[in-house]
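A.B. asks: Whole structure, please, built from the sequences with the hints as guidance.
At position 32 of the sequence shown the residue is numbered 12 (our numbering), and the sequence of numbers has no breaks.
It is worth saying that the hints were derived from the structure and are not from the lab.
Note that the structure is predicted; figures quoted are calculated from it, not measured.
Hints are supplied without guarantee of correctness; some may be wrong.
[Unchecked claim] The calculated DSBU-like cross-link candidates involving lysine-lysine, where the alpha carbons are at most 35 Å apart (straight line), are:
{"id": "1", "residue 1": "Lys(-7)", "residue 2": "Lys(-19)"}
{"id": "2", "residue 1": "Lys(-13)", "residue 2": "Lys18"}
{"id": "3", "residue 1": "Lys18", "residue 2": "Lys(-19)"}
{"id": "4", "residue 1": "Lys18", "residue 2": "Lys(-7)"}
[Unchecked claim] Ranges of calculated distance between the beta carbons of each label pair, as one might list FRET restraints:
{"id": "5", "residue 1": "Lys(-19)", "residue 2": "His2", "range": "25 to 33 Å"}
{"id": "6", "residue 1": "Lys(-19)", "residue 2": "Gly8", "range": "25 to 33 Å"}
{"id": "7", "residue 1": "Lys(-19)", "residue 2": "Asn7", "range": "29 to 37 Å"}
Yeah, the Cβ is synthetic: ideal placement off N, Cα and C, and Gly gets one too.
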Amino acid sequence: KNVYVQKMVLNGKLMNSLFISHADIMNGGEITFYMGAKHR
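C.D. replies: Structural data, given as structure tokens:
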């Protein structure tokens, strides 16, 4: 039911966009997605 990303936190930092670069992924760390029922 909550299929839309509402916000994303990368290594403890709230991201302004929902875009993740390849470099961010390769650097490792933790990504937290906050999901919701409505499109952002």
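A.B. asks: Hint by hint, note whether the structure agrees.
C.D. replies: Status of each hint after checking the structure:
Proximity of lysine -7 to lysine -19 is assessed by CA-CA distance (about 26 Å); at most 35 Å being required, the pair is judged to hold. Taken as a hint, the lysine -13 and lysine 18 pair is honoured in the structure, with Cα atoms around 12 Å apart against an allowance of 35 Å. Pair hint lysine 18 plus lysine -19 holds up; C-alpha atoms about 9 Å apart against a cutoff of 35 Å. Taken as a hint, the lysine 18 and lysine -7 pair is honoured in the structure, with Cα atoms around 23 Å apart against an allowance of 35 Å.
The given range of 25 to 33 Å is respected by lysine -19 and histidine 2, whose C-beta atoms sit roughly 31 Å from each other. Separation of lysine -19 from glycine 8 is about 31 Å and conforms to the stated range, judged on CB atoms against 25 to 33 Å. A C-beta distance of roughly 32 Å is found between lysine -19 and asparagine 7, which places it inside the suggested range of 29 to 37 Å.
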